[in-house]
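There are 2 protein chains.
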Amino acid sequence: MPYSAEHKQNSREQILRGAMTLFSRKGFANVSIDEVMAEAGMTRGAFYAHFKSKSVLYAEAVMFAALNSQIVTQLNADDTELSWFARVVDGYLDISHVDETVSPCPLAFLATDVASSDPEVRRAYTEVYKGLVKLFDQHRPPRLKKSDPDLNLAITALMIGGVAVSRALHDKTLVKKLLSSCRSVAHRLAQGR
Amino acid sequence: MPYSAEHKQNSREQILRGAMTLFSRKGFANVSIDEVMAEAGMTRGAFYAHFKSKSVLYAEAVMFAALNSQIVTQLNADDTELSWFARVVDGYLDISHVDETVSPCPLAFLATDVASSDPEVRRAYTEVYKGLVKLFDQHRPPRLKKSDPDLNLAITALMIGGVAVSRALHDKTLVKKLLSSCRSVAHRLAQGR
DNA sequence: GTCTATAGAAAGATAGAC
DNA sequence: GTCTATCTTTCTATAGAC
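Respectively, the protein sequence lines represent chains W and X.
Under the working numbering, think of the first position of the first sequence as 1, with each following residue one higher.
Under the working numbering, think of the first position of the second sequence as 194, with each following residue one higher.
Since the hints were made in silico from the structure, they are not lab data.
The reader is advised that the hints may include incorrect statements.
Derived EDC-like pairs (lysine to aspartate or glutamate); straight-line CA-CA distance at most 16 Å [said to hold, decoys possible]:
no.	chain 1	residue 1	chain 2	residue 2
1	W	Lys177	X	Asp341
2	X	Lys370	X	Asp283
3	W	Lys177	W	Asp90
4	X	Lys370	W	Asp90
5	X	Lys370	W	Asp148
Label-pair restraints from in silico Cβ distances [what the hints assert, rightly or not]:
no.	chain 1	residue 1	chain 2	residue 2	range
6	X	Pro342	W	Val56	45 to 53 Å
7	X	Gln384	W	Ala38	35 to 43 Å
8	W	Ser147	X	Ser276	24 to 32 Å
9	X	Ser197	W	Asp99	43 to 51 Å
10	W	Arg193	X	Glu228	44 to 52 Å
11	W	Glu127	X	Ser340	36 to 44 Å
12	W	Ser96	X	Ile288	28 to 36 Å
13	W	Lys145	X	Lys247	45 to 53 Å
14	X	Thr366	W	Tyr3	18 to 26 Å
15	W	Ala49	X	Val249	37 to 45 Å
16	W	Glu100	X	Glu199	56 to 64 Å
Quick caveat: nothing in here was measured; it's all calculated off a predicted structure.
Here a beta-carbon is modelled for each residue, glycine too, at the ideal position from N, C-alpha and C.
Given the sequences, and given the hints that come with them, work out the whole structure.
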């Protein structure tokens, strides 16, 4: 075998990385396998040695994107719970996230796109969302957990909605106000006020 | 001329109505002109007598959808401001909206889809969003307007995000909890608590 | 595993008849 | 204005060489 298992793993990861970026930016249907493979430095024919179909790639890319999003990579900092929360919320609802300067979160970038996709893709999205909510639950001040156990569902929906709407808007001034308002409200909610 | 201006207007509206439904459910790229025209009771060739291109149809369908959404049609009820707000929030964040039993709101159904579309489409989306925020501002208790003038941006983002995420999720139990949490938070925010 | 070549299908847009 | 027929492009997926 002229190609090592490690080589295959690397190629696979390159494909997923390119797919993540392209799908997030343009949506599933607007990205061709040609584009994905070109981004990964290969050609069309090699694709099917790694994934059975474009749909399967989509589901895996959603999972992959979640692992590489800013939120997860910021997880292991050792500061207080409140500043963890503030940092995640502010980083998520930042203009650089909307503009894709940082690694985009598929929950916000692909929400309506996933809704009209295969069950497999929606399952992947659901798992990623549950992971995000669980993360928030783990970092939540214990005194607030009992009073409103599902509050983090609304907070995450606010964050995802804020970014998703911001991307769709044409008016940059409005986008800044929207993001600012979402940050403010998210902080308020997280502090139980 | 064998066809009256009224006839043309009717045909045009039929096309827009079908397009609105199909685009919302499946996204722009996953809907063909064939499908739209079949839904409107015509065939492909007649399309270009009404719209210059598929993209132009998309932009107009977004505007059209906004005029026909539940929110606007509920506008002229003569009850108190608070119950107007409660009714709109609860209607929007209802499972029947997610399941498309009622006329879907393009802001929630097409958010990420629009983000990767032509400037023309994004402009239409922006206008519709501004209209929604303005509507909320008009129904807002005056005493709250000064303290946080941009609060309605976050409230609408929460509503849109709640519906968009709900559509993408595979877990119906989680969807119900998510919608419930969003309704609860939206009410709380609207009352200035 | 990756390449080039190609089969086969789908869809946007146009042409011309009625 | 609406129809059928067609041009043209694009894209998924497969086949076979290396």
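To test your reading of the hints: which numbers does this structure violate? 4, 7, 14 and 16
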